[in-house]
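*Asks:* Just need the whole structure built from these sequences, with the hints factored in.
Chains as they are written, first to last, in my numbering: chain X, 127 to 568; chain Y, 390 to 881.
To be clear, the hints were calculated from the coordinates, so they are not data collected in a lab. All figures in this text were calculated on a predicted structure; none of them were measured in a lab. Where hints are given, some of them may not hold.
Using 27 Å as the maximum straight-line C-alpha spacing, the simulated DSS-like pairs for lysine-lysine come out as follows [unchecked claim]:
| no. | chain 1 | residue 1 | chain 2 | residue 2 |
| --- | --- | --- | --- | --- |
| 1 | Y | 571 | Y | 529 |
| 2 | Y | 730 | Y | 571 |
| 3 | X | 471 | Y | 677 |
| 4 | X | 450 | X | 467 |
| 5 | X | 450 | Y | 677 |
| 6 | Y | 571 | Y | 634 |
| 7 | X | 467 | Y | 677 |
| 8 | Y | 624 | Y | 529 |
| 9 | Y | 677 | Y | 696 |
| 10 | Y | 460 | Y | 730 |
| 11 | X | 467 | X | 480 |
| 12 | Y | 677 | X | 470 |
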Amino acid sequence: MDYNAYVTEERIEGAEEGRLAGRTVAVKDNISTAGVRTTCGSAMLADYVPPYDATVVERLKEAGATIPGKTNMDEFGMGTTTETSAFGPVENPAAEGYVPGGSSGGSAAVVAAGDADMALGSDTGGSVRCPAAFCGVVGIKPTYGLVSRYGLIAYANSLEQIGPIAPTVEEAAELLEVIAGPDERDATTRDASEALGDGEATAITGDVTDEDGGYDFVSAADGDVDGMEIGVPTELLDGADDAVVEQFWAAIDDLEAAGASYHEVTLPSLEHAVEAYYVIATSEASSNLARFDGVRYGVSGGYDGDWNEAFARAREEGFGPEVKRRVLLGTFALSAGYQDKYYKKAQDARAWVKQDFDEALGAADVLASPTMPVPPLERGESLDDPLQMYLADANTTPVNLANLPAISVPAGETGDDRPVGLQFVGPAFGERAVIRAGSALG
Amino acid sequence: MAQAQETGELAVIIGLEVHVQLETDTKIFCGCSTAAADEPNTNTCPVCLGLPGALPVLNEGAVEAAVKVGKAIDATIPERTRFHRKNYYYPDLPKNFQISQYDAPICQDGRLEFSVGDERRTVGIRRAHLEEDPGSLKHKGGSIDTAEYTLVDYNRAGTPLLEIVTDPDFRDAAEVRAFLAKLEEVLEYLGVFDAGRDGSLRVDANLSVVAESEVGADGSVDADVLEAANRTEVKNISSHKGAEKALAYEAQRQKNAIERGRAVQQETRHWDESRGITVSMRSKEEEKDYRYYREADLPPLEVADWKEEIDIPELPDARRERFREEYGLDVEAADKLTATKQVADFYEELAAEFDADLAATWVADNLLGELNYRDMQVTDIDGRLDEVKRLVELVAAEEITAKNARETVLRSMLDDGRDPDTVVAEEGLGKTTGDEVQQAVEAAIEENPGAVEDYHAGEDGAINFLVGQVMQKTGGSADPGDVNQLLREALE
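*Replies:* Structure, rendered in structure tokens:
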């Protein structure tokens with residue numbers, strides 16, 4: 127069946143040998159591939175062919191992976207359903223008639239349908255975890271700075287990370303090992319073991335590097351959660367769909383049976399996280415997307431009138447309604463006279479969210495919540511009501527605000543067979559903790 | 390507009406924003422070369438083209454250059470510095486935002502002292518911040534208003550810029566010119582600036598005219614008064630001379646308007662160098678909102694410890710003073726010899742090896758004099774200073790006469806590009822050896838018994854005649870003083 131999961135099906139062959147040789151890794155269409163068009167799901171970039179590879183694409187090729195194509199996505203990553211793509215919506219292979227989640231809906235769909243072994247998505251406010259949850263697969267949002275963003279076409283650059291999507295936790299961890307690690311072309315990348323410092327390894331996390339000095343995430347995927355302490359932020363259960371909450375507690379029961387224990391925590395700042403996220407993300411988007419003016423690539427604004435008019439025409443034609451909405455919101459939030467009221471306040475809220483997470487993670491190895499408060503929506507359901515779509519990001523956006531790592535793993539289904547995902551959040555560069563927790567449910 | 394009614398004495402208030410291209414090998418946020426390129430859009434990469442997905446990485450060389458400037462202007466350099474995005478749309482700006490600095494500039498609260506005529510002046514420097522240069526626009530078939538089309542060249546995009554913002558401390562255009570000359574001198578000494586590069590110095594000036602009575606005894610003007618006076622921002626100034634002309638014009642234009650009872654419009658004006666006037670840019674003057682916010686792609690930079698390790702060379706004023714004391718130079722010579730770091734370094738090299746006075750004569754008078762006569766700079770003979778040094782060595786060793794060295798050898802070096810040894814050999818300028826001179830002395834005595842007699846009779850003119858004879862025999866290459874001495878010895 128055609129899920130409309132690819133924007134471009136064009137094979138990019140990697141090295142003949144390597145740990146991913148013989149396997150396919152689909153790549154979200156906002157990650158630059160030299161010589162293969164990279165559209166961001168936007169008419170603006172329908173014909174844009176990058177002259178260079180993103181760092182993660184280089185690393186995939188070096189590891190021997192074959193890239194079967196570029197996956198469909200919400201335009202510039204702005205959406206939770208993969209319905210805002212200029213190339214049409216993506217079907218959910220795991221729940222027909224429902225959205226696959228977004229914005230990396232194409233990446234999750236190709237993995238769920240078995241069309242690719244694994245895939246890369248990007249996660250600005252949940253864009254890896256949401257589609258992983260809705261399509262019944264595994265997705266990891268790494269700690270900010272673990273994976274290079276060089277070549278990732280920015281939506282909100284202080285929030286986003288490229289992350290793996292795979293059928294199992296172990297495979298997702300393996301793909302993460304391939305793409306993670308400092309990059310001199312991205313000044314925000316950090317070395318995980320340096321960032322963790324000496325003596326940070328605990329019984330739960332173990333050492334982040336193996337004997338050869340490379341990252342080791344795979345060995346954490348052993349399902350052993352004996353002695354693990356899990357915090358459950360009550361704010362992330364309030365207002366969640368009953369069927370989702372039911373599956374969540376069933377999963378916690380399983381973890382308890384495997385030797386983990388849990389306690390409830392409150393993170394009062396989370397009440398403001400969605401608002402803060404949308405102010406910061408749209409502000410950054412208004413700047414990041416300014417370069418799309420039709421001068422050197424993308425939709426041309428033609429030559430009538432002055433350059434200002436030509437720019438405006440290119441942007442009017444090239445951007446879809448959700449992108450325009452967010453660019454307008456962000457431009458407003460950064461404007462003189464409003465910046466203090468919106469952008470600065472959102473930054474304060476972000477700092478508060480970080481602090482709340484740090485405190486909660488002082489008393490727990492990981493925090494657990496439903497990935498999405500709702501099961502997959504019906505197609506078209508949220509398009510007329512952007513606010514409903516924004517609120518569905520309540521559980522994922524706080525993690526991006528706090529720069530923390532998180533995983534979404536399948537945790538059963540609702541009564542009508544819609545997948546439910548469970549999210550674990552760990553401390554900065556604590557990928558091994560969330561991988562370990564997630565692997566116990568796999 | 391309040392000033393329209395006042396027709397008493399008027400005072401001019403000027404503040405500057407000076408954009409200086411910092412001399413680094415590579416651009417500020419990528420590895421592209423900053424060297425001049427023949428072809429447009431060749432020194433470019435995804436980063437300086439602002440291609441989707443490309444990320445900036447800070448060139449520490451640009452920070453180091455900025456810290457040097459900060460030290461030279463007595464600025465406060467913060468413990469950590471960071472970058473902001475300045476958001477505006479313009480066709481030469483690849484990302485439609487410029488990475489710049491906002492609330493934590495690399496230099497704050499500095500000052501620069503300079504001379505205008507005999508007066509010493511100090512101008513406050515509010516801040517100096519790092520940013521990336523945009524690309525450049527080539528308007529084809531006309532000016533910015535009338536061109537048929539415009540081409541964009543991104544070779545310049547990403548060149549490190551230091552924007553230096555002064556206090557409104559200037560009172561006339563001549564002060565601005567003197568300040569800019571001094572600033573260039575300091576930057577050049579620091580080795581962070583190349584005045585010869587096209588567009589390496591660009592000035593925007595804010596100018597307003599207020600009543601003289603508003604100017605305090607210490608030269609200060611109340612901020613409210615400045616705020617109330619309409620000011621114009623004059624753009625497109627690219628040299629000291631241009632600054633002086635543009636601002637003298639603009640000051641007179643504003644004074645004329647006020648004296649005739651017309652209001653000065655608050656606007657941006659374009660300096661038209663060829664016509665020698667400022668023209669209104671006619672753009673509607675809306676309040677600029679650059680929506681500054683933190684650039685998350687560049688982590689804050691700790692400079693607290695690093696700045697201590699960055700040394701700056703002796704600056705022009707200090708060097709000038711030292712030259713006078715150490716080498717006994719007069720004011721004029723010291724000024725000439727410290728005008729650029731290259732000249733001062735060359736002088737000290739010669740002074741150390743030969744003699745301070747000889748070196749001063751050769752650099753300040755002979756070399757700079759002959760260059761100046763040819764409208765040349767020392768930078769034009771960059772690679773040939775060794776030849777000049779060789780020439781001075783020949784003079785110091787008395788192998789050629791000072792006169793021949795300057796008038797024949799140095800001029801030929803500059804005009805024909807020959808090296809000094811070649812000129813000496815080809816023109817036969819080598820001083821005659823002692824034997825040859827001795828022979829000529831003996832021959833002159835033998836051939837001129839009358840003169841010898843006169844000499845013994847006490848006639849002073851006789852010795853001069855004999856010296857002339859010897860000089861003639863040696864083709865002018867003997868030292869007249871030596872000849873005089875030899876003759877007297879031979880005649881005793």
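*Asks:* Which of the stated hints cannot be reconciled with the structure, identified by number in ascending sequence?
*Replies:* Structure breaks hints 1, 9.
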